[in-house]
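Enquirer: Listed below are the residues making up each chain.
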Amino acid sequence: EDQVTQSPEALRLQEGESSSLNCSYTVSGLRGLFWYRQDPGKGPEFLFTLYSAGEEKEKERLKATLTKKESFLHITAPKPEDSATYLCAVQAPSDYKLSFGAGTTVTVRA
Amino acid sequence: KAGVTQTPRYLIKTRGQQVTLSCSPISGHRSVSWYQQTPGQGLQFLFEYFSETQRNKGNFPGRFSGRQFSNSRSEMNVSTLELGDSALYLCASSLGQGIGEKLFFGSGTQLSVL
Chain R
329 EDQVTQSPEA LRLQEGESSS LNCSYTVSGL RGLFWYRQDP GKGPEFLFTL YSAGEEKEKE
389 RLKATLTKKE SFLHITAPKP EDSATYLCAV QAPSDYKLSF GAGTTVTVRA
Chain H
1301 KAGVTQTPRY LIKTRGQQVT LSCSPISGHR SVSWYQQTPG QGLQFLFEYF SETQRNKGNF
1361 PGRFSGRQFS NSRSEMNVST LELGDSALYL CASSLGQGIG EKLFFGSGTQ LSVL
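Read top to bottom, the protein sequences are chains R and H.
The opening position of the first sequence corresponds to residue 329 in my numbering, with each subsequent residue numbered one higher.
The opening position of the second sequence corresponds to residue 1301 in my numbering, with each subsequent residue numbered one higher.
Note that these hints are calculated values from the structure, not bench results.
Hints should not be assumed to be uniformly reliable.
[As the list claims (entries may be wrong)] Keeping only pairs whose Cα atoms sit at most 27 Å apart, straight-line, the calculated DSSO-like set for lysine-lysine is: (1) H:1402 to R:391; (2) R:387 to H:1402; (3) R:370 to H:1313; (4) R:396 to H:1402; (5) R:407 to H:1402; (6) R:397 to H:1357; (7) H:1402 to R:397; (8) R:370 to H:1402; (9) H:1357 to R:370; (10) R:391 to R:370; (11) H:1402 to R:385; (12) R:407 to R:396; (13) H:1313 to H:1357; (14) R:397 to R:385; (15) R:370 to R:407.
Predicted model, so just to flag it, every value in this text is computed and none were measured.
Use the sequences and the hints to build the structure in full.
Expert: Here it is, written out as structure tokens:
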């Protein structure tokens, strides 16, 4: 069965203090690895899809990278509005579903 | 373009009752997925429908069922509610092409079972 483990569970950052979130996964043949952001009281919002090891994608202060066993979400010089729960999910070739990790809750203080 | 709409936003039920949740996908999207989110288990896949057919089903008991209509709108039903069914139920829509396709989520229906 697909497994996704995210660490740390929670991260408290000072504004401008860069850091990284980790997502390690076990899946038979990765079809895609996804990063979502979820704000309180809302559904997850899509950030990135990564398909193969070595791939990188960027959006504003966020950069996602992928290896054969894990993915990292780097947050560069975060702002308070980056505070959210970041979710990682994988999709296997035989499925139309996403298997999600438990998420990392990021709090950025001004 | 309107997003994914879920109704109702909040629901309070008692044990043993049944409940129906509704989801209207983004216009043009033919796939609708349902997920259950709880603090302890995180996001767990319930089922996915494409063109009125269930393509995939998660590991939930038969009390959880769903359907999709010809206009792609979807409903999920939970019968004989249990306390453990209290959760945020999220609906997501997509074009339905499957390969690495991103999902667009609604804001969810918060179900409380008393």
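Enquirer: When the hints from earlier in the document are held up against this structure, which numbers fail?
Expert: Number 12 only.
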